Each structure stands twice: as structure tokens, then as C-alpha cells.
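Trainee: Residue strings, one per chain:
4 protein chains.
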Amino acid sequence: MNGPRDDPRDLQDRLDSFYADLASVDLQPLWTQTKNLLPACPAPAAIPWLWQGATLRALAAEARDLITIERGGERRVLALANPGLGGAPFATPTLWGAIQALGPHERAPAHRHTASAIRFVLEGDGVWTTVDGDACRMHPGDLVLTPAWTFHDHTNEGDEAMTWFDGLDLPLVNTLDAVFYENHPDFNQPVRCYDLSEQIYAGSGLLPYGTSNDAPHSPLLVYRWAQSDAMLARLLASNGGVMASIEFADPTSGGPALPTMTCALHRVVPGGRSIATRKSGSSIFVVYRGAGRSVIDGQAFDWTTGDMFVVPSWKSVDHEAETTSELFEVSDEAALRALRLFRRETVDEPQDVKTVFRPRALEAIGT
Amino acid sequence: MNGPRDDPRDLQDRLDSFYADLASVDLQPLWTQTKNLLPACPAPAAIPWLWQGATLRALAAEARDLITIERGGERRVLALANPGLGGAPFATPTLWGAIQALGPHERAPAHRHTASAIRFVLEGDGVWTTVDGDACRMHPGDLVLTPAWTFHDHTNEGDEAMTWFDGLDLPLVNTLDAVFYENHPDFNQPVRCYDLSEQIYAGSGLLPYGTSNDAPHSPLLVYRWAQSDAMLARLLASNGGVMASIEFADPTSGGPALPTMTCALHRVVPGGRSIATRKSGSSIFVVYRGAGRSVIDGQAFDWTTGDMFVVPSWKSVDHEAETTSELFEVSDEAALRALRLFRRETVDEPQDVKTVFRPRALEAIGT
Amino acid sequence: MNGPRDDPRDLQDRLDSFYADLASVDLQPLWTQTKNLLPACPAPAAIPWLWQGATLRALAAEARDLITIERGGERRVLALANPGLGGAPFATPTLWGAIQALGPHERAPAHRHTASAIRFVLEGDGVWTTVDGDACRMHPGDLVLTPAWTFHDHTNEGDEAMTWFDGLDLPLVNTLDAVFYENHPDFNQPVRCYDLSEQIYAGSGLLPYGTSNDAPHSPLLVYRWAQSDAMLARLLASNGGVMASIEFADPTSGGPALPTMTCALHRVVPGGRSIATRKSGSSIFVVYRGAGRSVIDGQAFDWTTGDMFVVPSWKSVDHEAETTSELFEVSDEAALRALRLFRRETVDEPQDVKTVFRPRALEAIGT
Amino acid sequence: MNGPRDDPRDLQDRLDSFYADLASVDLQPLWTQTKNLLPACPAPAAIPWLWQGATLRALAAEARDLITIERGGERRVLALANPGLGGAPFATPTLWGAIQALGPHERAPAHRHTASAIRFVLEGDGVWTTVDGDACRMHPGDLVLTPAWTFHDHTNEGDEAMTWFDGLDLPLVNTLDAVFYENHPDFNQPVRCYDLSEQIYAGSGLLPYGTSNDAPHSPLLVYRWAQSDAMLARLLASNGGVMASIEFADPTSGGPALPTMTCALHRVVPGGRSIATRKSGSSIFVVYRGAGRSVIDGQAFDWTTGDMFVVPSWKSVDHEAETTSELFEVSDEAALRALRLFRRETVDEPQDVKTVFRPRALEAIGT
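If you're matching them up, the sequences are chains A, B, C and D in order.
The opening residue of the first sequence carries number 1 in the numbering used here; numbering runs sequentially from there.
The opening residue of the second sequence carries number 1 in the numbering used here; numbering runs sequentially from there.
The opening residue of the third sequence carries number 1 in the numbering used here; numbering runs sequentially from there.
The opening residue of the fourth sequence carries number 1 in the numbering used here; numbering runs sequentially from there.
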């Protein structure tokens with residue numbers, strides 16, 4: 001495939017001319033790039049990376065000080081930019097990950113877009129996110145959904161600043177050229193009710209009589225920390241291992257809460273490393289609480305509360321806790337499953353640790 | 001959102017310093033790029049484009065002359081490279097489109113990959129594509145599937161060259177970092193049967209008793225031109241319009257033949273322009289037969305047999321035939337539907353033609 | 001469970017009094033009837049039975065002579081009454097089976113009901129069944145659906161009488177107390193089109209672009225004999241056995257054509273007995289063409305063209321043909337599958353033939 | 001349809017002879033019974049009926065005294081026998097309803113059957129039902145599932161007697177001739193764990209990571225009163241009406257907990273009558289707590305704690321509470337939905353009360 005049919009020297013000239021012809025009419029040969037296009041295993045450009053919570057919190061605080069929230073900019077959000085992705089503000093090829101900060105008595109304006117978003121609350125209290133009129137109160141450890149094309153805005157009625165993790169499928173929806181966006185006519189939409197979705201859908205296996213979910217996403221918009229916490233405790237008690245994992249589901253279908261992203265929460269307890277697994281597709285992990293170490297493809301990442309790190313596709317990962325820890329994970333697993341491209345396997349041998357990741361830190365902030 | 005909180009001049013210094021801090025720790029602000037990231041409508045980088053059949057055929061012939069098919073290169077394929085995509089060999093952000101050529105008594109080696117592929121036969125006869133042991137004979141106008149992770153190879157036992165259109169979801173699977181690839185241990189896999197899938201699944205609404213489809217794709221691997229032709233004729237007769245459209249379905253589910261790509265065939269008859277539509281996601285059109293014009297986002301593309309053209313996301317398109325024409329279309333609609341991101345609408349007003357596309361042609365080939 | 005707790009003789013008096021008390025307030029003890037209510041295997045009241053085609057045809061001809069078709073009676077239909085079902089006009093506990101006759105230039109009035117029906121044509125030509133305005137022409141060997149709540153009527157425009165087999169889920173819908181019925185305002189509904197469903201949906205794996213089936217049944221209303229015949233031939237050629245079986249599917253879902261009944265067609269060729277199988281739920285078989293023998297639960301049923309026979313739940317059955325034969329089967333398999341109650345297994349040993357069924361014949365008809 | 005074609009007197013003789021011929025070969029005419037077989041609306045044989053809690057409790061106590069639980073009889077169960085159903089021990093054509101009693105330190109043996117069952121606990125404590133090894137503890141107001149073909153047995157380790165309501169789809173499974181039954185090799189199966197299904201599946205919208213439900217029923221086997229109670233309170237608070245209704249769902253699919261039966265719980269508060277509704281299919285209501293009146297098809301049924309009553313198909317029903325009341329309902333709605341036969345509508349006008357039902361009472365029990 002890599003050479004001309006016959007041997008004479010001038011064949012190279014013919015080939016050169018042929019490749020030039022192809023280029024001149026916007027064609028490319030496959031055979032010169034087959035191996036790059038079709039690697040044996042996923043060869044992600046994104047790299048494993050970790051952002052420190054201390055840095056994120058400090059810069060969020062600085063942003064609160066420097067930046068006003070207005071129409072146009074819309075949100076005070078600092079996005080994780082994976083160094084492997086050539087300067088794009090994306091954590092992985094499919095996922096946007098960010099820290100969002102809202103100061104006391106601030107509001108972020110109402111809009112909607114076809115990218116879906118989740119919020120996982122890190123600290124603070126007193127904020128609600130209004131989703132199509134339903135004001136969802138947010139407390140640390142809660143997961144709040146703002147599904148595709150739902151109007152949403154954030155309101156901080158409290159006296160303290162609040163920060164949460166934002167996860168979006170924006171890079172994926174971008175690649176699909178399927179982003180639509182619209183501002184709400186008002187800066188903030190009217191609040192019709194408080195935590196209504198929770199009142200209606202947060203019974204375990206209980207649904208309002210006659211429920212049928214026509215929406216492409218979970219009608220339950222808030223998953224409370226107390227519930228997650230209790231369920232992780234029950235699962236750990238029944239499996240007796242070092243790790244228990246839950247995922248956040250649409251109670252009306254049992255499927256993922258959103259069609260493109262899988263949200264999961266892992267509790268790791270001291271006592272050893274979890275079994276390494278790898279899966280197609282990428283994840284962002286957010287350390288909600290605790291301290292420990294994850295080994296990603298042979299590289300050790302030490303983490304503590306508030307850190308965020310990325311696991312690219314098909315990279316083996318295991319976790320080990322120094323103190324009882326919770327790792328929130330958002331991934332594109334739901335999308336890969338829907339497209340029948342999901343693979344997951346356990347890795348039999350514990351990973352050798354070959355290197356230890358050194359996070360980038362700020363010299364000094366805002367000085 | 002775009003400025004510092006207080007007025008003093010040195011705030012700009014603080015901002016500059018802050019943005020530098022962000023960059024130094026791999027973070028990016030959202031607010032400075034909200035509008036780019038969240039456009040009101042899809043703003044695709046891919047542009048409408050057309051490749052002429054005459055050029056494609058000439059270069060395919062030249063390639064047959066110059067390039068031998070071997071392990072490593074694997075296929076004699078010329079890929080449509082959309083000029084908007086920065087040099088990538090992709091027709092759209094999600095779709096690979098190409099012309100593949102196989103000379104008399106040539107064979108392309110057996111491999112498999114998680115990217116799914118379709119073949120739509122343009123000219124020639126005597127080739128079969130073996131898919132997991134089932135040799136699917138290929139004739140002009142036939143659609144042949146090589147679904148994800150099925151071993152496939154191409155064998156030309158005839159005395160004439162053959163060309164077909166290749167459509168793959170490779171750019172999408174690439175973006176998802178979900179490409180796996182494997183060579184078959186032999187250059188060609190053994191043929192176990194001929195057209196078995198067709199014998200078993202090509203009855204209209206008839207299935208073998210007890211069928212359940214556990215595979216994520218259609219078990220029917222070949223869709224014959226004669227069937228498509230007859231169905232288009234029936235549909236045109238019953239709708240009385242200038243265009244009829246069919247899609248190729250999995251007979252065991254009624255869903256798309258493949259989980260990521262929708263294959264459709266349109267017949268356009270002289271007598272006026274079809275109603276313009278636009279949809280999220282992108283398409284490649286292949287002119288199987290006929291001559292006519294498509295208007296894409298106000299730009300006219302004149303086409304004839306063998307031409308291929310691309311319609312990016314959310315661009316309005318209508319078709320008009322000079323002679324009865326068939327347009328084969330492969331799109332990412334199936335993927336967008338699975339992710340609940342599909343939108344489609346008709347455009348009420350006929351499009352004004354603002355410009356006429358001038359295709360690039362070769363000066364001389366192989367000289 | 002069968003006796004009093006303590007021994008004294010008067011306990012029997014207490015028991016008698018207790019059972020009388022229960023009866024007086026409409027209660028019944030379980031423990032005295034557990035074994036009847038919960039048998040190890042299904043213990044159907046329906047019995048295997050066969051009705052001869054010659055008798056059915058003769059009585060249908062007599063009925064044509066004697067009975068006019070009018071509103072109220074609605075149809076000239078002779079129903080198979082299983083002798084095990086205590087006089088009910090039902091072939092099995094869930095299925096209605098019948099022969100329907102329509103003389104030259106006769107019409108049966110338009111109505112609809114929530115029971116679903118299928119027609120399998122035995123002889124004659126020139127009739128169409130109009131289903132919600134679509135006139136479906138009927139020829140021997142065709143299967144025609146009149147799904148639940150679709151208006152339907154039968155029109156014979158020809159000069160010959162026509163007979164077909166009627167299969168309905170009426171006994172099941174009756175048990176569920178879910179029968180609704182309505183006459184069309186006119187004796188016959190207007191014909192809007194001819195064989196439209198076939199024009200639109202009878203492509204193999206081809207669907208009109210944009211199809212989504214919101215109806216609970218197949219949008220394809222006619223399955224032609226020529227198609228069934230060809231598919232059976234292909235399947236027999238590829239499996240090399242004595243029997244091939246197809247089922248009639250909804251092309252938009254791959255599921256059964258109707259939600260409650262599975263329709264199948266079996267071809268048996270001379271050369272041995274098929275492997276015996278048994279399944280939960282009951283079936284009616286109609287001998288479309290041929291001659292042979294089926295063994296049901298050890299009893300042999302010899303059959304020829306036009307005969308109809310019943311296989312109750314969980315009775316083993318195998319078939320053997322003297323001449324190439326087609327057996328049409330309608331069963332409640334679809335319902336049992338939907339309720340997750342379906343079981344099917346092959347029976348390893350060939351069945352011993354213990355008795356031979358002697359069909360009831362008429363002495364003389366209409367004398 | 002009802003007469004001979006020509007007029008002469010001897011035609012009646014021919015008809016008589018014809019009908020005799022039909023009967024002699026096990027055929028029946030449709031036209032003489034069309035209206036009975038195809039009524040305009042469901043015409044159930046089952047009648048609205050009520051069994052008083054006081055009577056049920058007294059007879060259950062008497063049964064505890066008189067009847068030992070043994071293999072063969074299996075359970076101490078008193079079944080509601082609808083007076084319209086000709087002596088069958090069935091509450092409706094599809095549903096078995098009963099009271100089951102278990103004395104202190106008694107056990108009922110382990111078996112399994114393809115009929116599915118639910119238990120709704122009325123009074124007592126200290127019992128668990130073991131379902132395929134998982135011991136599900138039962139408290140008043142809890143719903144416990146024993147899905148089709150799961151081994152189950154009941155163990156009372158406490159010092160008090162316990163009674164609960166049993167609901168089964170036995171009549172339906174019987175009609176379908178799909179009952180299979182098997183004893184466990186031991187009188188009681190081993191207990192592997194306690195309330196494991198609850199520990200794993202009772203989080204609101206939370207599932208163990210990687211859950212996929214291959215079983216045809218809910219993996220959650222227990223629904224606790226405390227949860228139901230809280231959800232009803234939340235729903236009433238948000239709808240502001242006189243009634244709130246929940247249904248018990250499979251958390252992995254959002255569908256009914258069992259494939260054949262829908263379980264619901266209604267809370268009715270004083271303040272007026274609920275809007276009347278009617279639906280295809282039948283229900284059994286169990287008054288868990290409270291006092292009030294339901295009007296069924298114009299007949300008033302006064303009820304109090306422990307009463308059970310039946311609503312046949314398509315009978316209008318509304319409820320009115322004297323004190324805050326909970327009505328547990330089991331119905332065949334899930335089956336009718338699966339078969340696409342479900343209809344439900346609200347009845348605009350409040351029902352006139354034409355008669356008041358007088359329940360049958362015992363003169364004296366066990367005297």
C-alpha cells in the first residue's frame with residue numbers, strides 16, 4: 001500500500017504528482033494514515049491531569065472579587081483545560097468541567113441550551129438553581145441537574161459564597177454541531193415552586209400514579225447528599241470491600257439521569273487499592289471529601305478535598321483512600337452506551353506506579 | 001462579566017494577572033468566550049462542499065494503477081476532506097466519506113474496528129464483502145453494512161474494476177476515543193456462506209420464528225437496489241410529490257441499521273424544488289444517478305452522477321432534479337437521536353440562491 | 001393444613017361450622033384446593049382437537065345459502081368450539097378461531113372492537129378488507145390484519161365465494177373485561193386507498209424516512225403469500241431440515257404484528273418428523289396446503305388442506321409431512337411474552353403415538 | 001343475519017338442521033351471539049363487592065386456631081370469592097385477593113410458582129418473607145413482592161399473630177394456562193441475607209453503579225410504609241386536593257414492580273369526593289387505615305380499616321374520607337397496558353348514589 005506498483009524511479013514522481021492532485025481537490029489517501037486513524041486501542045489526546053482544590057478555591061475567590069456576572073458572559077466559571085487538547089477549554093474531548101462561584105446575594109441570569117449540565121455542590125449554602133420554574137435548593141454533596149433545553153439560573157440569597165462543580169457535555173454537543181442557545185426574556189425566570197421535582201419523584205421506587213416520562217431526561221432534578229451518603233454506607237456494608245459506587249438514575253426509566261452523561265459517586269475507605277478498571281470514554285473526578293491516591297495508567301495522583309482530575313479513555317484507574325473519601329464522577333458513559341460503543345473491563349494486575357504527578361500551583365494569587 | 005468590579009486603573013493589572021494565573025494552572029474563564037461556545041444555532045466549521053464524480057473516478061483509476069493493497073494500508077480509499085475542518089480527512093465532524101476502488105482479482109485484507117461502515121455501490125460488479133463469514137455480493141445501488149467490530153474484507157473475483165462509496169462514523173468514534181482495531185489472523189477470512197443475512201432477513205415484515213436481535217446493529221447486511229427502487233416508486237406514486245425518501249432499517253427493531261448512522265435514499269423527479277429542511281447534524285450525499293441541483297444555505301450545487309456533497313449541521317437544503325435522480329445520504333442522525341439532540345424542521349420559504357458553487361477540478365491527472 | 005389443631009371429635013364440628021361461615025361471607029380457604037390452583041405444570045381445560053376442512057367448507061357453503069349478512073349479526077362466521085371449554089365458542093382459553101365466508105358481491109358491515117383480528121385466506125379471490133380506509137386485497141395465503149380499534153369491513157366484488165380463517169384474541173380480551181365495540185356510522189366505510197400500507201411498509205428493511213410507529217400494532221396490514229413462500233424456501237435451503245418457520249412482524253419494531261397474538265407460518269417437507277416442542281400458551285393451526293400428521297401429547301392428528309387443529313398449553317407437538325405442507329399458526333405467544341410468562345422447550349425424545357384422533361364428520365349436510 | 005335467505009316455511013327446518021350440524025361438529029355460529037361477545041363496553045361478570053375487616057380478622061383468628069400449616073395446603077389463606085364469578089375463589093377475573101394469617105412462631109413452607117404475588121401488611125410484626133434467600137422483614141403498611149418463579153416462604157419469629165393481604169395474578173395466569181409450581185426441597189429455604197434488596201435499591205433515583213435489570217420484575221422487593229407515607233404527604237401538599245396516589249415501580253425501569261399487576265396507594269383526606277374515574281380491568285382495594293365511602297357505579301360502599309372491596313372493569317369509582325384514609329390497590333393495569341388494552345377516563349359528573357351496599361356479616365364465629 002505504501003509504494004508504486006512497478007519499480008522504476010520515475011514512479012515516485014507519479015506518486016508525488018498523484019498526492020498533489022488529491023490535495024488539490026480536497027481528497028486524502030487513507031493508506032498513508034491508516035494506523036493513526038485506526039489504532040489498536042483508543043489513543044486519546046487528552047492526558048490524565050489534576051487541578052488542586054486549593055488553587056481552584058483561591059482563583060474562584062479572586063474571580064468573585066474581580067468579575068461581575070452579567071448577560072453575555074452569563075456565569076462566573078473557571079473551566080478545566082486539559083493540556084492535551086491544544087488550548088481548548090475542555091477537560092476531555094466530550095466533557096466540560098469547571099468550578100462555578102456565586103457570591104452572597106448574587107444571581108446568574110436565566111438561559112437554556114442543548115448542552116446538558118450537572119452541578120455537584122462543593123461548599124456553601126443558600127443557593128438555589130431554578131430549572132423551568134422549579135427552584136432546586138443546593139447544599140454540599142447534592143447533585144442538581146439542568147437538562148438540555150431547560151431554562152436555568154442560579155440565585156444566592158445567602159450571606160456566604162458558594163462554589164460547585166459544573167459538568168457539561170458541551171464539547172460533545174459542540175462536535176455534533178448541535179448547540180442551540182437562548183436567553184430567557186428576563187434576567188431571572190419566575191420561581192413557581194421549590195424543590196417540586198424532589199417532592200414528586202424522590203420516593204424510592206415510588207412514582208406518582210400514572211407517571212410516564214416523555215422527557216428525554218430525569219424529571220427528578222435534585223439528588224440529596226443524605227440519600228447518597230446512606231446508600232453508599234449500605235452498599236459498603238453489604239459488599240465488604242474498599243469501594244462502593246452508585247450512579248444517579250432517572251427514576252422513571254432506570255436509565256442515566258441525562259442522555260449523554262453518567263453521574264456516579266464512589267466512596268473509598270482505607271484498607272487497600274480498589275481493583276483497577278478501564279473503560280472507553282472519559283471521566284472527570286471531583287474529590288468531595290477525603291484524601292487519597294488514584295493511579296491512572298501507571299501515574300500516581302495524590303488528591304485531597306476539592307481536587308479535580310481527569311481520566312482519559314481506556315486508561316486504567318484504581319483508587320486508594322487515606323481517610324474515608326468520596327469521589328464524584330461525571331463521564332460520557334451514557335453517550336457511549338447509547339451509541340453502543342461502551343466497553344469496560346477490570347485489569348487483573350495491580351498497576352505499577354511509574355511516576356507521580358506534580359500538580360501545577362500558583363506562586364501567589366491576585367498579588 | 002466583562003470588567004472589574006471597581007473602577008481604578010490598576011484593576012486592569014489585576015485582571016491581566018488573574019488571567020495569567022488561570023492560564024498557568026490550566027484553567028480558562030467561561031465569560032470571555034460564552035458566545036463562541038454557546039451560539040444561538042449550530043455554527044459548524046465544516047462547510048458545504050462538492051466533489052465531482054468525474055474527478056473521483058479518475059483519481060480512483062489512477063490509484064488502482066499506482067497503489068497496491070497491503071496489510072498496514074489496508075484499503076485503496078480516497079477520503080473527502082472538508083476544507084473547513086483544518087486538514088482532517090473527514091467530510092464532516094462526525095462522518096468519514098470516501099471512494100474505494102478494487103481492481104479485477106484484487107482483495108483487501110480482513111480486519112475489524114469499532115467504527116461502523118456502510119458501502120453504497122457506484123459501479124462495477126463481481127465483488128463481495130465478507131462480514132463475519134457471510135459473503136455479501138455487491139451490485140450497483142446496493143447498500144452493504146459492515147457493523148462495528150465485525151470482521152470484513154473485500155474480494156473482487158471479476159474482471160472489471162469496482163468502486164463504491166464508503167461511509168464511516170470514524171470521526172465521531174475518534175472524538176469519543178472509542179476506536180479499537182484488530183487485524184484478522186489471515187489476510188482474508190474464510191467464507192462460510194453467501195448472502196445468508198439476506199436469505200434470512202430480507203422478507204418484508206417476515207422474521208425467522210423466534211428471532212431476537214441481541215446485536216446492536218441490523219442482522220440484515222445487504223439492502224438491494226431492486227427493493228429500494230421499487231419502494232421509491234411506490235412512495236412517489238402514493239405521495240404525488242417531487243421527492244420520496246426511504247431509510248434503511250434494522251428489520252428486527254425498526255431502528256436505524258447502525259446505531260450511529262442513518263442511511264437514506266431519496267428519489268427526486270423533475271417538476272420543482274423539494275421543500276427545504278434543516279436538521280441538527282451533518283450529511284454526505286452521493287449522487288447515484290441523475291442530474292440536478294441542491295441549494296444549501298443559499299448556495300447552489302449542481303450535481304450529476306457520481307458527485308458527492310456535504311450538508312453541515314442546521315444548513316437548509318432542497319433538491320431539484322433535471323432528470324430522475326437518486327441521492328444516497330448517510331448522516332449522523334441516528335447518533336443525534338440516540339443522544340436526544342436531533343432537531344429537524346421544514347423551512348417555509350424557498351431559499352434564495354445567492355451564489356453558485358464552483359467545484360475544484362483537476363488540470364490533468366497522472367501526467 | 002388439612003385438619004384441626006387438636007384431636008377431640010368435636011373439632012370436625014368446628015371445622016364444618018368454620019367452612020360454612022367462610023362460605024356465608026364469600027370467602028374460600030386456599031388450603032383445600034392448593035393443588036388444583038397451583039399444578040406443577042399447566043393443566044389446560046382445552047383439549048387437542050381437529051376440525052376437517054371438508055366439513056368446514058361444506059358448512060360454510062350451507063351458511064352462504066342460508067344466512068344473510070346484516071347489522072347485528074355482522075359476519076358469517078363459524079367458530080371452532082373446543083369441546084373442553086364447556087360450550088364456549090372458543091378454540092382455546094385465549095383464542096377465537098373460525099372460518100368466515102363471503103359470497104360473490106356480498107359485503108360485511110364496518111365496525112371496530114378492541115379485540116384484534118387476523119385473516120388468513122384459504123380460497124377465492126376478489127375480496128378486500130378495508131382497514132381504517134385502506135382497502136387490503138386478499139388472495140390465498142395472504143395474512144391480513146385488522147388491529148384493535150380499527151374500523152374494518154369486508155367487500156367481495158368478485159364472482160366467486162371466498163373463505164378465510166379468522167383468528168381473534170377475543171377470549172383473552174373478554175377475560176380481561178376489556179371489550180369495547182362500535183359500529184361504523186355507515187354500513188361500509190369509504191375506501192380511501194388500496195393496499196397503501198403495503199406500498200409504504202412492504203420493503204425489506206426499508207421504511208419511509210422519518211417513520212416512527214406510535215400505534216400499538218404493525219402499520220403493515222397485509223403480508224403476501226409470495227413473500228412468505230419465498231422466505232420459507234430460502235430458510236429451508238439454508239437450514240437443510242424438514243421444517244422452516246417464520247413469524248409475521250411489525251416492520252417498525254421487529255415485534256409481533258399485534259400485541260396479543262403471534263402469527264407464524266411453517267413449511268414441513270417430507271422426510272421425517274420435526275423436533276417436538278412445547279410452550280406455555282395455546283395455538284390454532286390451519287393447514288393451508290398439503291397433507292401430513294401432527295402428534296400432540298402422544299395423540300396423532302392426520303390432516304390435509306383446510307383442516308384446523310388446536311394445541312393447548314404445554315402439550316408437546318411435532319409435525320410430519322406426506323407432501324410439502326404449510327401450516328399457518330396463530331397463538332397467544334405475544335401476550336405471554338409481554339406478561340413475561342412465556343416458556344418454550346424442545347422435547348428430546350420423539351413422542352410415542354398412543355392414540356389416533358378420529359375427527360367428527362357430518363353425516364350429510366343440509367339435507 | 002338472523003334468518004334464512006328465502007321465505008318459505010321449510011327454511012326454518014333447514015336452519016334447525018344446520019345449527020344441529022354445526023353443534024355436532026363442534027362449531028358455533030357467531031351471528032346469534034355477536035352482541036354478547038362484543039358488547040359496546042366491558043360487561044364484567046364480577047360485581048362490586050366488599051368484605052368487612054372485622055369479619056376477615058375474626059375468621060383469620062379462627063383459622064389460626066383450627067388449621068395447621070403444612071406441605072400440600074401450604075398457606076393459611078382466606079380468598080375473596082366474588083359472588084359474580086360462579087363459585088371460583090377469585091376476587092376478579094384476573095386477580096386473587098386474600099387475607100393470610102401466621103401465628104406466633106409459625107412458618108409457611110417454601111415454594112415457587114409462575115403466578116406473581118404481593119403482600120400488603122395489615123397488622124402485627126416479627127414476620128419476614130424470604131425471597132430467593134433474601135429475608136424481607138414485614139411491618140404494617142409495607143409492600144413485599146414475591147415475583148414469579150422466586151422461592152418464597154414466611155417466617156414468624158415473633159410472639160404475636162400477623163395478618164396481611166395477598167394479591168396474586170393467579171386467575172389471569174390460570175386463564176393463560178401458564179401456571180407452573182414447585183416446592184423447595186426444604187420446608188424453609190436458607191436465609192442468605194436480610195433486607196438486601198432494600199439496602200441496594202431503596203435509594204431515590206440511586207442505583208448501584210453498573211446496574212442492569214435482566215429480571216422481568218423489580219429487584220427491590222420491599223417498599224416501606226414510612227417512604228410511602230412521606231411521599232403521599234408531599235404529593236398532597238403539592239396538589240392541594242382531597243386525594244394523592246402513588247404507584248410502586250421497578251427502580252431499574254420505572255415500570256410496574258411486577259409485569260402483570262399494578263400496585264398503588266391512595267391517601268384520601270376529608271373534604272369532598274375525589275373525581276370519579278373508570279378504567280378497563282379490575283382492582284381490589286384494601287383499606288389500610290381510616291373510614292370513608294367509595295361509590296362504585298352508583299352504589300355506595302362504606303368502609304373502615306381492614307375492609308376490602310372490588311371494582312370491576314369500567315365501573316366508575318370515587319372516594320370520600322371521613323378521616324384521613326389510605327387505600328391500597330392492586331389491579332391488572334400492568335397487564336392491560338402490556339397488551340395495549342388499557343383505557344382510563346375521568347367521569348365528569350359526580351355519581352348519583354342509587355343504592356348502598358349492605359355487607360354480609362357473620363352471626364357468630366366459631367361458637
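Wrong hints could be hidden among the right ones.
Stated by the list, open to error - To spell it out: a stretch of chain D is covered by chain C in this simulated footprint if at least three of its residues, at any positions, have a beta carbon under 8 Å from a beta carbon of chain C; those stretches are:
no.	segment
1	33-40
2	57-63
3	274-285
Unchecked claim - Just the calculated beta-carbon pair ranges, DEER-fashion:
no.	chain 1	residue 1	chain 2	residue 2	range
4	A	192	D	107	52 to 58 Å
5	D	40	C	291	41 to 47 Å
6	C	345	A	238	56 to 62 Å
Unchecked claim - Derived, one-sided and incomplete: chain A residues facing chain D with beta-carbon distance under 8 Å:
no.	residue
7	17
8	187
9	189
10	209
11	213
12	234
13	235
14	238
Keep in mind that the hints were calculated from the coordinates and are not lab data.
Note that the structure is a prediction, hence the values are computed from the model and not measured.
From the three backbone atoms N, C-alpha and C, an ideal C-beta is built for every residue, glycine too.
Trainee: Give a verdict on every hint.
Mentor: Right, here's what the structure says about each hint:
Against chain C, the segment 33-40 of chain D contributes 7 residues with a C-beta closer than 8 Å to a partner C-beta. That satisfies the three-residue criterion, and the hint holds. Look at the segment 57-63 of chain D against chain C: 3 of its residues bring a Cβ nearer than 8 Å to a Cβ of that chain, three or more, so the hint holds. By the rule of at least three residues with a Cβ nearer than 8 Å to a Cβ of chain C, the coverage given for the segment 274-285 of chain D holds, with 3 such residues. The hint said 52 to 58 Å for the Cβ distance between residue 192 of chain A and residue 107 of chain D, and at roughly 53 Å that hint holds.
For residue 40 of chain D and residue 291 of chain C, the Cβ-Cβ distance of about 44 Å falls inside the hinted range of 41 to 47 Å, so the restraint holds. One distance hint, 56 to 62 Å for the beta-carbon pair residue 345 of chain C and residue 238 of chain A, is violated here, with the actual separation near 36 Å. A hinted interface residue such as residue 17 of chain A counts as satisfied when its beta carbon comes closer than 8 Å to some beta carbon of chain D; here the least separation is about 55 Å, so the hint is violated. Given the 8 Å rule on beta carbons, the hint for residue 187 of chain A is violated: about 27 Å separates it from the nearest Cβ of chain D.
Of the supplied interface hints, the one on residue 189 of chain A is violated, with its beta-carbon coming no nearer than about 19 Å to a beta-carbon of chain D, more than 8 Å. Taking 8 Å as the C-beta cut-off, the interface hint given for residue 209 of chain A holds, the closest approach to chain D being about 4 Å. With 8 Å as the threshold, the beta carbon of residue 213 of chain A comes within range of chain D, its nearest partner Cβ sitting at about 7 Å, so the hint holds. A least Cβ separation of about 4 Å between residue 234 of chain A and chain D falls short of the 8 Å threshold, and the interface hint therefore holds.
Interface hint status for residue 235 of chain A: upheld, as the beta-carbon distance to the closest one in chain D is roughly 6 Å, under 8 Å. A cut of 8 Å between beta carbons decides the hint on residue 238 of chain A: the least distance to chain D is about 5 Å, and the hint holds.
Hint compliance for this structure: hints 6, 7, 8 and 9 are broken, all remaining hints hold.
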